[in-house]
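J.: Please model the complete structure; the sequences and the hints are all you need to start from.
Given next are the chains, with one letter for each unit.
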Amino acid sequence: TQLLEQSPQFLSIQEGENLTVYCNSSSVFSSLQWYRQEPGEGPVLLVTVVTGGEVKKLKRLTFQFGDARKDSSLHITAAQPGDTGLYLCAGVSGAGSYQLTFGKGTKLSVIP
Amino acid sequence: NAGVTQTPKFRVLKTGQSMTLLCAQDMNHEYMYWYRQDPGMGLRLIHYSVGEGTTAKGEVPDGYNVSRLKKQNFLLGLESAAPSQTSVYFCASIKKPPITSYEQYFGPGTRLTVT
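Heads up: the protein sequence lines correspond to chains X and W, in order. First residue of the first sequence: 1, per our numbering; consecutive thereafter. First residue of the second sequence: 1001, per our numbering; consecutive thereafter.
These aren't lab readings, by the way, just hints derived from the structure by calculation. Accuracy of the hints is not assured; some may be wrong.
[Said to hold, decoys possible] Residues of chain X clear of chain W, computed beta-carbon distances all greater than 12 Å:
1) Gln9
2) Leu11
3) Ile13
4) Thr20
5) Tyr22
6) Ser27
7) Val28
8) Lys57
9) Leu61
10) Gln64
11) Asp67
12) Lys70
13) Asp71
14) Ser73
15) Asp83
16) Pro112
[To be verified] The calculated label-pair distances, taken between Cβ atoms and stated as ranges, are:
17) W:Arg1044 with X:Ser26: 12 to 20 Å
18) W:Arg1044 with X:Ser7: 50 to 58 Å
19) W:Gln1072 with X:Glu41: 39 to 47 Å
[As the list claims (entries may be wrong)] Subject to a maximum C-alpha distance of 25 Å in a straight line, what follows is the list of computed SDA-like cross-link-like pairs (lysine to any residue):
20) X:Lys104 with W:Lys1071
21) W:Lys1095 with X:Gly96
22) W:Lys1096 with X:Gly85
23) W:Lys1096 with W:Thr1005
24) X:Lys107 with W:Met1041
25) W:Lys1009 with X:Glu38
26) W:Lys1009 with X:Gly85
27) W:Lys1071 with X:Asn18
28) X:Lys56 with W:Tyr1105
29) X:Lys56 with W:Lys1014
30) W:Lys1095 with X:Ser93
31) W:Lys1009 with X:Ser12
32) X:Lys107 with W:Lys1071
33) W:Lys1057 with X:Ser31
34) X:Lys104 with W:Lys1014
35) X:Lys70 with W:Tyr1102
36) X:Lys57 with W:Glu1103
37) W:Lys1014 with W:Gln1072
38) X:Lys107 with W:Val1088
39) W:Lys1071 with X:Gln99
Everything numeric in this text was worked out from a predicted model, so none of it was measured. Each residue gets a CB set at the ideal place from its N, CA and C atoms; glycine is no exception.
T.: Here it is as structure tokens:
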């Protein structure tokens, strides 16, 4: 069974601070995704990283995929209250079935 | 397009009762998935389908059955509900490969409580 360890589980920061969320696995994934989930809603895809060492930016969010394709990080610069939510990493596997293995999530609260 | 919809949004069941959760998508997606989300556990895959008439077990299939009689619908059944099945259930779908982003589109969830 492939597992994704996500840390920290909870994060409460002041508006304007920077933060990093980590997603680690002992297994190799074909690609890794980051989702954001608001209360009462389903997760929404932020980014997919495919190539080892890949870096993608989405406004103030920077996503990195480790060289060995076993780990990833999400860095948010100058966090804003609108960034509050549950961030989930997910590894894509299951040849042909595109199953996702999710981490347990990081609940982020950005205090104004 | 409505995307992925789930019915019902909320449900309370007594132990031993049965129910069916309906997931519908209007995006002509080939693959569909059922997950459950519990506090501190992330999302765990229950069953999935790679096409009409096909289903397969995921990580936590026990106590659940599924059917995919029509491409646009994926049903999740609980034959005899147990308190351990109290959870939020999410359905998701994805286009038929080849695809590049592997984005799964999620429904809004069904909150189920079993007493």
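J.: Hints numbered earlier in the text: which of these fail when held up against the supplied structure?
T.: Violated hints (numbers, rising): 1, 18, 19, 20, 22, 27, 29, 31, 32, 34, 37; every other hint is consistent with the structure.
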